[in-house]
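Just need the whole structure built from these sequences, with the hints factored in.
There are 2 protein chains.
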Amino acid sequence: MALSWLSLIILFISSASPVCAQKFDFPRLSLHHEKVFQDPDRRVQVSLISHFKTFFFHQTLDHFNYRPESYTTFKQRYLISSKYWGGANSSAPIFVYLGGEEPIDNDVNVVGFLNENAAQFKALVIYIEHRYYGKSIPLGMSFEEALKDPNARGYFSSSQALADYAAIIRHVKEKRKAKDCPVIVVGGSYAGMLASWFRLKYPHLALGALASSAPILYFDGITPQGGFFSVVTKDFKEASKTCYQTIRDSWAEIDRVASQPDGLSRLSKIFKTCRPLESGDELKNYLIDEYVRAAQYDVPPTYPVEVICGGIDGANASKNGILEKIFAGVVAISGNSSCYIVSPNGTTPSQTQLGWRWQRCSEMVMGDEGITNNSMFQPDPFNMSNFIDHCNRSYGVVPRPHWITTYYGGHDTKQVLRRFGSNIIFSNGLRDPYSSGGVLKNISDTIVAFPTRKGSHCLDILSASQDDPSWLVRQRKKEIEVIKGWITKYYADLLALKQ
Amino acid sequence: MALSWLSLIILFISSASPVCAQKFDFPRLSLHHEKVFQDPDRRVQVSLISHFKTFFFHQTLDHFNYRPESYTTFKQRYLISSKYWGGANSSAPIFVYLGGEEPIDNDVNVVGFLNENAAQFKALVIYIEHRYYGKSIPLGMSFEEALKDPNARGYFSSSQALADYAAIIRHVKEKRKAKDCPVIVVGGSYAGMLASWFRLKYPHLALGALASSAPILYFDGITPQGGFFSVVTKDFKEASKTCYQTIRDSWAEIDRVASQPDGLSRLSKIFKTCRPLESGDELKNYLIDEYVRAAQYDVPPTYPVEVICGGIDGANASKNGILEKIFAGVVAISGNSSCYIVSPNGTTPSQTQLGWRWQRCSEMVMGDEGITNNSMFQPDPFNMSNFIDHCNRSYGVVPRPHWITTYYGGHDTKQVLRRFGSNIIFSNGLRDPYSSGGVLKNISDTIVAFPTRKGSHCLDILSASQDDPSWLVRQRKKEIEVIKGWITKYYADLLALKQ
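The listed protein sequences correspond, in order, to chains A and B. Following this note's numbering, the numbering of the first sequence begins with 7 at its first residue and continues without gaps. Following this note's numbering, the numbering of the second sequence begins with 7 at its first residue and continues without gaps.
Don't take every hint at face value.
When chains are identical, the list treats them as one kind, so a pair holds in a single copy or across two.
Said to hold, decoys possible - With a Cα cut of at most 27 Å, we get these calculated DSS-like pairs of lysine-lysine:
{"no.": "1", "residue 1": "490", "residue 2": "420"}
{"no.": "2", "residue 1": "128", "residue 2": "247"}
{"no.": "3", "residue 1": "483", "residue 2": "181"}
{"no.": "4", "residue 1": "420", "residue 2": "495"}
{"no.": "5", "residue 1": "447", "residue 2": "495"}
Worth flagging that the hints you see were computed from the coordinates, not collected in a lab. Computed from a predicted model, the values in this text were never measured in an experiment.
Put into structure tokens, the structure is as follows:
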């Protein structure tokens, strides 16, 4: 198992785009590396899906309006395992995974937290697919058709998705006569935001939420620009100061070489690229993406950032200097290969990439793109008006950058939630650059933060492994204790109210 | 001032419909009697509007979707008085009245609570008009056009209205650099529900809510059928047992007379109707509506229920028995006139009537219509399938009876809100039949109930009068103390966070 995460990175195909204008296409906000479910070392989890039965719910297209089309329904997929459920009579809990930006079967395979703790809670386990992903696509269209149709994709929003979850949770509880069974919602990354928002918006349907790596403060300027890349920088600096310095110096060197007459072919040769490089930016974006992903998914026991830095610091750099060192980092993380750096041009984007691109351009206007001075990267501030132009060109609509904070809040979160709301765990790995937009400190007795110094993106809710370090084992145990506390109080209240 | 409320009742024109199938048209859920603003005795409040400046906000038509039409904007009206405001520098509060099912200028004239307490709080006062009422009608249409257009009226929903309020509150705070100014939202009746829901859904925009006569438990079977009419019955029984018994006996007597060959003309004669009665139901519906309104708006110092019962009990009933007594009740509440009982047929329905009719048939599926055995009325249970048919015939869409409780909650409110949410006052007058769907007991330290035994619909937030009984004066004082407590804690938190 030791190399499982490294092998993920090896499988990684960059989605970075060669030109700056397209950099918004990065679909970075996934709870796990896109290829994780293809990892042969994770086969043990794949078998988990056999506990689950697949259902489809006749979901309302548009919960918030009463136009004739609003009443259209579509089939939304959800999966249930009742293997460990204690049943409605004992008011046994229900764990619900709120799907994010991918087909739900991927999540069942990698988000182990619910399955692995279902037995001790005697919990029913449900995974609900997010509308427009997987098999849950409205209006009788394929995913591609729905994303191309300006009307159809218009119903693809987070508030509709939360209302979908509400309707399905209600339906399952009614069907199983499980009125008094407390529901705990779980999500990671975008779905982590959904989980925390679900507890805030639908407290009558979810007793509590575990929101893993949920960057709910990444909107509307709450988190200062540059936070994301400063965490990546910190990770590399902590791994090795010389490695950090080499990367920092490499950008100007790539620019210098690329600007020379034969520069691009020299760079292609140094980096043994599978195709000739079309620009220096192509190489730089590939490298930025590599470093970002290593930081975001900097999982134990191998820690990809250390792997890259091991390559960079250990390189025989006598001949080519900085660039050969950087290439050694690429080889270290990618493994031995006949060629490197496959540009994403021409590859088919995934549902996650396409779907998230739309979600970013409509409501999920996040500030994780901006690069400021305090990093190992070249400064590249986020330019809202460029972004708006890009979205307008792509979809004919402009983003609503203030909607997320208007609907869900975010500004002054500590002051707002100090005396409002309860039962949310915000867990963040501090090596994950998205932690810069996360809730890292306790807000109240029942809205608590679990930051882990060496943790990465969504690590706590991914399937446990025998190689997990003791701090990760402890973190999961603490989360379980908190959830048990919520449920214990809930049962006591229930008893008191019935007496 | 002594007769002001009585004179309102005199001005009252029944909106009851002559046949049972149309009984759903009752637009009873208004915070005040529809004619209140025409009352000459209330002229003192009318002058309040001169403090206010009118604004129009470019509001988004559809907050929850990203279809091309969703981006359409319309002008939404709101009124601001900064006469008493302490300003942004001192973080002085903002009182916001969330408009209900009528033009907002009506509310400014009768909801005195905000204006009358603005000085002591140094508060900015805002009244926001509900979309589709008054001057806030989307898509460039008139009210009538919008209500007739299946697409246009589809955007007429409570969730859109709350999001409108959120956008305007945010806009005003930004424009006035009032980031730290705490917002208290106030509403009565339907708008009272909106106020409580706004605090629950948008805690980042409202520190607290005063929800007057908000029947949030009148959905989805939470409140058992018949609650509404059993309160009306209780009111009359408390006023006079003989009066209650006379009314209880009158229905069979009307039926008996109406079924006779010359029955309708006899009834028309006994009740001195302005037009010949077309059916016994026409008379019965008029009387039901009269009793309901007397109970709902049973305001001191005259108390219309007592006025009606005074008429009934004091009648010289030697000749015509029960029916002459009932007629004496009509005369007592309506005053001397050449004729009585104007059927609503042929009169133009108000915006409130038309708008609320649509709101009831789409999402506000309330159970206040059902009459069970335990009342002074003839049993007439609410029949959901009849109601669905009626809505389908009227609008071509079917109601969503579970949506309100799915989105806002309602089931197990005590258990849900015991450890979630804060800063809501639920005030209810127990003579108001809508109190049967209200929150009448404290839920937590900060979600509190103020029921008043002799109180009527929304009485606490209507303009104060020198005739107000001491219990009403005390109630308002207590509400003010609670709100002061919220704001004091908020300022303390703000100070602590800034240090």
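### Query
So which hints don't hold here, by number, going up?
Violated hints: 2 and 3; rest satisfied.
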